[in-house]
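If you want the building blocks of each chain, they are given just below.
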Amino acid sequence: MAYLLHILILIGIYVILAESLNLIAGYAGMLSIAHAAFYGVGAYVAALLALHYAVPPWLTVPAAVVAAAAVGALVAWPALRVRDDYFVVATFAFQVIVFSVMNNWVGLTGGPLGLPGIPRPDFFGLTVTSHGGFLLLTWLCTAAVVFVCWRLARAPFGRVLRALREDEVFAAALGKNVASFKVRVFAIGAAMAAVGGCLYAYYITFIDPTSFTVMESIFIISIVIVGGAGSLRGAALGAAVLVVLPEALRFVGLPSSIAANLRQIFYGLLLILFMVFRPQGLIGEFSFRRR
Amino acid sequence: MDGFSAEVRECEIVGLVGPNGAGKTTLFNVVTGFLHPDAGAVTYQGEALTGKPPYRVARRGVARTFQELRLIYRMTVLENVLLAFPAQLGESAAGAFARWREVSRRQRHNREEALALLAYVGLAEKAGELADELSYGQQKLVSLACCLAMSGELLLLDEPVAGVAPEMVEKILGLITDLPARGKTVVFIEHNFAAVTEVCDRVIFMDEGRKVAEGTPAQIRDNANVIESYLA
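Taken in sequence, the protein lines are chains A and B. Read in the numbering used here, the first sequence has 251 at position 251, and its numbers run on one by one without any break. Read in the numbering used here, the second sequence has 29 at position 29, and its numbers run on one by one without any break.
None of these hints come from the bench; they were simulated from the model. Treat the numbers as computed from the prediction; the structure is a model and nothing was measured. Virtual Cβ for every residue (Gly too), placed ideally from N, Cα, C. Some clues are possibly wrong.
[Stated by the list, open to error] Label-pair distances were calculated between CB atoms; the ranges are:
{"#": "1", "chain 1": "A", "residue 1": "VAL66", "chain 2": "B", "residue 2": "ALA119", "range": "28 to 36 Å"}
{"#": "2", "chain 1": "A", "residue 1": "VAL66", "chain 2": "B", "residue 2": "SER5", "range": "32 to 40 Å"}
{"#": "3", "chain 1": "B", "residue 1": "GLU10", "chain 2": "A", "residue 2": "ALA93", "range": "21 to 29 Å"}
{"#": "4", "chain 1": "A", "residue 1": "ALA93", "chain 2": "B", "residue 2": "ASP38", "range": "28 to 36 Å"}
{"#": "5", "chain 1": "B", "residue 1": "ASP38", "chain 2": "A", "residue 2": "PHE206", "range": "35 to 43 Å"}
{"#": "6", "chain 1": "A", "residue 1": "ILE272", "chain 2": "B", "residue 2": "SER135", "range": "33 to 41 Å"}
{"#": "7", "chain 1": "B", "residue 1": "ALA98", "chain 2": "A", "residue 2": "ASP122", "range": "26 to 34 Å"}
{"#": "8", "chain 1": "B", "residue 1": "GLU133", "chain 2": "A", "residue 2": "ILE258", "range": "31 to 39 Å"}
{"#": "9", "chain 1": "B", "residue 1": "GLY51", "chain 2": "A", "residue 2": "VAL96", "range": "45 to 53 Å"}
{"#": "10", "chain 1": "A", "residue 1": "TYR86", "chain 2": "B", "residue 2": "LEU130", "range": "28 to 36 Å"}
{"#": "11", "chain 1": "A", "residue 1": "VAL169", "chain 2": "B", "residue 2": "ASP178", "range": "22 to 30 Å"}
{"#": "12", "chain 1": "A", "residue 1": "VAL169", "chain 2": "B", "residue 2": "PRO37", "range": "54 to 62 Å"}
{"#": "13", "chain 1": "B", "residue 1": "PRO86", "chain 2": "A", "residue 2": "GLY117", "range": "53 to 61 Å"}
{"#": "14", "chain 1": "A", "residue 1": "VAL169", "chain 2": "B", "residue 2": "GLU133", "range": "16 to 24 Å"}
[Stated by the list, open to error] A few chain B positions that, by computed beta-carbon distances, are all more than 10 Å from chain A:
{"#": "15", "residue": "PRO54"}
{"#": "16", "residue": "VAL121"}
{"#": "17", "residue": "PRO180"}
{"#": "18", "residue": "GLY209"}
[Said to hold, decoys possible] For the chain A half of the interface with chain B, some residues (derived, Cβ under 8 Å), not all of them:
{"#": "19", "residue": "ARG151"}
{"#": "20", "residue": "ALA163"}
{"#": "21", "residue": "GLU166"}
{"#": "22", "residue": "LEU174"}
{"#": "23", "residue": "VAL178"}
Just chain B, same shape as in the assembly (with noise of 0.2 Å):
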């Protein structure tokens, strides 16, 4: 990174864009506690994040999606978007034996929610399936899924629709679009230029670290320095 600074305001969508090893997913690495910078501060809701590990930064509110989309391939659907609960009771060694009852009642109260929420992205009636058993594009709704289910107020997509068929894409578009309207604030990171002017409110243009230019979807097409940095 060198000398990005930006801020992102409440319930936007906001696309990241750039060439490869513009230092984008970096950046989330950065936010999400992944790595910590030399210099500088991450801030959130006006809380310090900066060097916090990952788990207390996702705990914060942030959630994020990867690149390479990691899951437990090993695990159903559903127990994926149940892993992504926050604060579980039955995941302390105590509460799993001392208060089992209650545990159960919670349990029961997740999978509801978690069914809901696979209803949401479409995909209720694969719950049961293991995660490696779906196709790439409905994987990437699953990681999506257990965003929501994580609820934070924030969510880090990296390539959302990188790699995924058409009608896939527009789907997870639709799904990213409704977001804000259920209180979620999104950056997004995505190299489909088309799928950026459709869906966000804002996009920043990175490279070799540095923010060359922010503005509407329009106003970054029409850019000169991004124009530049994609020919240079």
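Bound-form chain A, shown alone (with noise of 0.2 Å):
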């Protein structure tokens, strides 16, 4: 039973995670792959506070995302610059990047061994400790972010965001400040993604840079594009079958050493199989080809 809450617990904040990528890649058509960065900063701004200065979640989280936000708006501004695929190289760098940190300032972020004894969150009295509290906290929050999501890809911003993605010229001769629309859609990305870090920091007490590097960043981009680009159901979806599907190979009995192996090679296959047969991925909308 626990294991089934602990699946539905990450499904929630990797659902957070995809649709917050969805806005930047999938409605504005700017492939990043430096989500996890934002994911971690929140996780590690959350962690740090809540550690070593007893601050509590009501306040740890907007700085989180604050912190997150400012780091995604550092992200988009290469954008400004450079186009599609140097763009998304240039992701890649600033996710290294964050990355070596994390992994490197040992006396701020305890480096390779992460930091352990999180306090679990403490709303005015009120301690979230079980599975069960924990599956409400994440799924609450899950819901406020595909509510911001919703509502701003419904809004003449997400008109916007999927004008850029199709003709940026076109949108600037129609007197749309380009710049800064690529800015705040990242700015308000990153800050949902470091929902999804406090979150996780909180469940797991744990953290350490291993849960947000490359890899990480590609898995995130992978459900948006198998769920579908600029589709929020997809996201949704794709969270849930890309979190799901490979648990279901612990059960085929193979041993754990190559299972967690066949992790990777399933999520790569998966990748290429659905860029190359269906790139708008099982209910999207986008497929990341240039017209």
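Make the complex out of the two chains shown on their own, each in a separate frame, by following the hints.
Set out below in structure tokens:
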């Protein structure tokens, strides 16, 4: 039962990560492999504040969100100068830089040893410790994040994002400040990913850099691609599929050492197959192809 | 551009003609901020536009179309026109949340205006279709509707009737002729000299980045320099 709840909590966190990246990559068309960096910034800021200064979650989360939004805006900045493939490489570089900071600034982040013993979140006397409690907390946050994405996508803001991914020259000629939109969507997407990071930190009570690597970024973009870029339901579906399917491997009877590596191969294969045969994902709207 | 200088008056329809490579689209790009000139100035209603980015020029009131017809093909016709409305509260993330009611109200208002514009260009029944599904001529009408939605007063149209079926040419030219009555000023690039003669008050002939001649369509047609440019 605890295992089932654990899976559901993970799905909740990955829905948050996928929906927030979907706004950047699916709606605005900016393929970013830096999302785990924002996820990590959120986790580390919350963890450090809670561990060292006993800051309660209703303060650590906003702090984590603001920090991640700032990092997000920073990642978007080179986007204003480079296009497409070069931009993807730039996000990759940012991801690696952030990971390097997490891994090497030992005095701040504990380096490869990470940060153990993160206190459970305490909401004005109510401490969340059980799986059931975390499930509720997670899915409340997931609902909030999905609501934000839904609102933004339906508003004229979302329409400008879609215009940016199709033809940003046309958007500029219509009077849209393309640079401003790009920076904003990155900041907002990063801020929401940070919420996922906070949940992860409080739930696992231990974080280390290995949870926020390039591979993790690729996993999150895979969710968006497989589920379907540019679709709110797609991102959620992708998260459910990609979190659950490999768990099924456990029940096939493979020794866990093989199963772990098989998981990586499985994700990679899935990503390649979808990009070749169904780039719009299961129920997506955008296929990352230039017209 | 080679020492090009010209003036456009309010509610005029000016035709910009010349052989390929004369610099006509380059001129449009300079005026709308897509290209920054090494020297010279662009002034609009007394305000300097030189060096401003395209979105600022657009917001100031200069709308343009592109030679290669730019539209958001994956959006509906109505969405394309809605995109063009200026100063939308719902385009700010904060607005989308804090003032959702007001945003919804303005969206409804914009929808009505957009449908009215589409009716004006004769595409009301195509509002819900993807821009991709329209004919080339209809797509050109949509881009004209977008220019009108921007509510700027100067329209720079880059080959508005090129590659379009004859009935559609008449329709588009008819709309252009009607624009000064709506308070708009139009400059359009065209190779179709008959169209230019029919619609323009004044014509500017360009070649090799320079203004070679300027005058009424009849004056240009009979101008010796112009004939030489076309033959050279």
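Checked hints:
At roughly 47 Å, the beta-carbon separation of A/VAL66 and B/ALA119 lies outside the given 28 to 36 Å, and the hint is violated. At about 51 Å, the beta-carbon gap between A/VAL66 and B/SER5 misses the expected band of 32 to 40 Å. Between B/GLU10 and A/ALA93 the beta carbons are some 51 Å apart, a value that contradicts the proposed interval 21 to 29 Å. Look at A/ALA93 against B/ASP38: about 34 Å separates their beta carbons, and that is inside 28 to 36 Å.
In this structure, B/ASP38 and A/PHE206 break the distance hint of 35 to 43 Å, their C-beta atoms being roughly 60 Å apart. Between A/ILE272 and B/SER135 the Cβ separation comes to about 38 Å, which falls inside the hinted range of 33 to 41 Å. Between B/ALA98 and A/ASP122 the CB atoms are about 30 Å apart, so this pair conforms to the stated range of 26 to 34 Å. Between B/GLU133 and A/ILE258 the Cβ separation comes to about 51 Å, which falls outside the hinted range of 31 to 39 Å.
Between B/GLY51 and A/VAL96 the beta carbon distance is about 37 Å. The supplied range of 45 to 53 Å is therefore violated. The hinted range of 28 to 36 Å is satisfied by A/TYR86 and B/LEU130, whose Cβ atoms lie roughly 30 Å apart. Judged by the Cβ atoms, the range 22 to 30 Å given for A/VAL169 and B/ASP178 holds: they are separated by roughly 28 Å. Between A/VAL169 and B/PRO37 the CB atoms are about 19 Å apart, so this pair departs from the stated range of 54 to 62 Å.
B/PRO86 and A/GLY117 have their C-beta atoms about 54 Å apart, which keeps the hinted 53 to 61 Å range intact. In this structure the hint that A/VAL169 and B/GLU133 lie 16 to 24 Å apart at CB holds, the actual value being about 22 Å. At roughly 4 Å, the least C-beta separation between B/PRO54 and chain A is not larger than 10 Å, which violates its mark as non-interface. Chain A leaves B/VAL121 outside its interface by the beta-carbon criterion, the shortest separation being 17 Å against a cut-off of 10 Å.
The claim that B/PRO180 is not at the interface with chain A holds, since no C-beta of that chain comes within 10 Å of its own (minimum 22 Å). For B/GLY209, the condition that its CB be more than 10 Å from all CB atoms of chain A holds, with the nearest at approximately 23 Å. Nearest Cβ of chain B to the Cβ of A/ARG151: about 5 Å, under the 8 Å cut. The hint holds. Interface hint status for A/ALA163: upheld, as the beta-carbon distance to the closest one in chain B is roughly 5 Å, under 8 Å.
Residue-level restraint check for A/GLU166 holds (minimum Cβ-Cβ distance to chain B is 5 Å; threshold 8 Å). Here the hint on A/LEU174 is kept, as its CB sits about 5 Å from the closest CB of chain B, short of 8 Å. Here the hint on A/VAL178 is kept, as its CB sits about 7 Å from the closest CB of chain B, short of 8 Å.
Hints 1, 2, 3, 5, 8, 9, 12, 15 from the list above are not met by this structure, while the remaining hints are.
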